[in-house]
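Let the hints inform the model, and build the full structure from the sequences given.
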Amino acid sequence: MDGIVYPKVSEYIEKFGGIKELQNLEDYAKENHVPIVMKDAARLLAFMVSLHRPEKILELGTAIGYSALVMALHSGAEIVSVEREEGMKETALKNIEEYGMKDRISVVLSECEEYLQKTEDTFDFIFMDAGKSHYREYLELSLPKLNPGGFILCDNVLYKGLVVHDTAARKHRTNVVKLQEFLDYVHSREDLRVSLLTVSDGMLLIRRKE
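Quick note on numbering: the sequence shown equals residues 44 to 253 in the numbering used here.
Please note that a few of the clues may not be correct.
[What the hints assert, rightly or not] Here are the simulated DSSO-like pairs of lysine-lysine, each with C-alpha atoms no more than 27 angstroms apart in a straight line:
1. K161 - K252
2. K161 - K221
3. K161 - K99
4. K99 - K63
5. K63 - K51
6. K188 - K252
7. K161 - K73
8. K63 - K161
9. K214 - K73
10. K221 - K252
11. K73 - K58
12. K63 - K137
13. K99 - K137
14. K214 - K161
15. K188 - K214
16. K203 - K214
17. K51 - K73
18. K221 - K203
19. K214 - K145
20. K82 - K58
21. K161 - K82
22. K51 - K203
23. K82 - K51
24. K252 - K73
25. K99 - K252
26. K203 - K58
27. K252 - K63
Just so you know, these hints were derived from the structure itself, not from any lab.
Dropping the structure here:
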């Protein structure tokens with residue numbers, strides 16, 4: 044997925060690379076058209092977990108396991124990643140095992156909302172990178188699972204920059220409208236601290252006010 048900054052700026056940022064230990068997965072994703080977080084987002088994710096040092100992380104949307112491995116390589120956290128597609132889950136598990144992280148990363152085959160409704164676990168950090176049109180539902184279900192001092196990071200919230208336009212191609216319209224509504228809603232919540240970042244395809248940081 045394209046980012047939201049000028050192509051020349053993207054090229055400049057890209058030259059600094061992503062996560063060098065995961066270069067083979069970045070290559071695999073590119074060759075097989077599998078969406079993973081962009082390189083600047085991966086670096087931010089790595090920086091944040093190394094700084095915050097969460098003990099338990101929830102990821103919504105596993106894909107090939109790239110983001111989960113980014114977080115595992117840069118923290119000592121236990122990670123639960125939720126994936127709806129069985130094929131993706133199997134690929135992710137293979138990659139996780141190859142990196143020696145199967146004892147720290149577990150992948151659950153489930154719809155994200157269903158998992159959030161059923162789990163009794165709580166988390167220090169929640170990374171949302173699943174169905175964009177469901178971000179508000181994910182947020183409502185995630186907040187009760189967030190430990191004090193924890194935070195949530197949502198990816199792709201500016202969606203190729205389309206959220207700033209009144210019109211979007213039909214295939215993108217649902218995601219765009221839902222993300223616009225989600226961003227308006229989150230910023231209206233007086234109990235939350237929110238920071239909208241022009242990183243990658245737009246990232247949103249959320250935490251409760253103390």
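Now for the hints, and whether the structure bears them out:
{"no.": "1", "hint": "K161 - K252", "in the structure": "26 angstroms, holds"}
{"no.": "2", "hint": "K161 - K221", "in the structure": "24 angstroms, holds"}
{"no.": "3", "hint": "K161 - K99", "in the structure": "17 angstroms, holds"}
{"no.": "4", "hint": "K99 - K63", "in the structure": "24 angstroms, holds"}
{"no.": "5", "hint": "K63 - K51", "in the structure": "22 angstroms, holds"}
{"no.": "6", "hint": "K188 - K252", "in the structure": "15 angstroms, holds"}
{"no.": "7", "hint": "K161 - K73", "in the structure": "34 angstroms, violated"}
{"no.": "8", "hint": "K63 - K161", "in the structure": "36 angstroms, violated"}
{"no.": "9", "hint": "K214 - K73", "in the structure": "22 angstroms, holds"}
{"no.": "10", "hint": "K221 - K252", "in the structure": "25 angstroms, holds"}
{"no.": "11", "hint": "K73 - K58", "in the structure": "16 angstroms, holds"}
{"no.": "12", "hint": "K63 - K137", "in the structure": "19 angstroms, holds"}
{"no.": "13", "hint": "K99 - K137", "in the structure": "22 angstroms, holds"}
{"no.": "14", "hint": "K214 - K161", "in the structure": "32 angstroms, violated"}
{"no.": "15", "hint": "K188 - K214", "in the structure": "33 angstroms, violated"}
{"no.": "16", "hint": "K203 - K214", "in the structure": "13 angstroms, holds"}
{"no.": "17", "hint": "K51 - K73", "in the structure": "19 angstroms, holds"}
{"no.": "18", "hint": "K221 - K203", "in the structure": "14 angstroms, holds"}
{"no.": "19", "hint": "K214 - K145", "in the structure": "37 angstroms, violated"}
{"no.": "20", "hint": "K82 - K58", "in the structure": "10 angstroms, holds"}
{"no.": "21", "hint": "K161 - K82", "in the structure": "33 angstroms, violated"}
{"no.": "22", "hint": "K51 - K203", "in the structure": "16 angstroms, holds"}
{"no.": "23", "hint": "K82 - K51", "in the structure": "15 angstroms, holds"}
{"no.": "24", "hint": "K252 - K73", "in the structure": "39 angstroms, violated"}
{"no.": "25", "hint": "K99 - K252", "in the structure": "20 angstroms, holds"}
{"no.": "26", "hint": "K203 - K58", "in the structure": "21 angstroms, holds"}
{"no.": "27", "hint": "K252 - K63", "in the structure": "35 angstroms, violated"}
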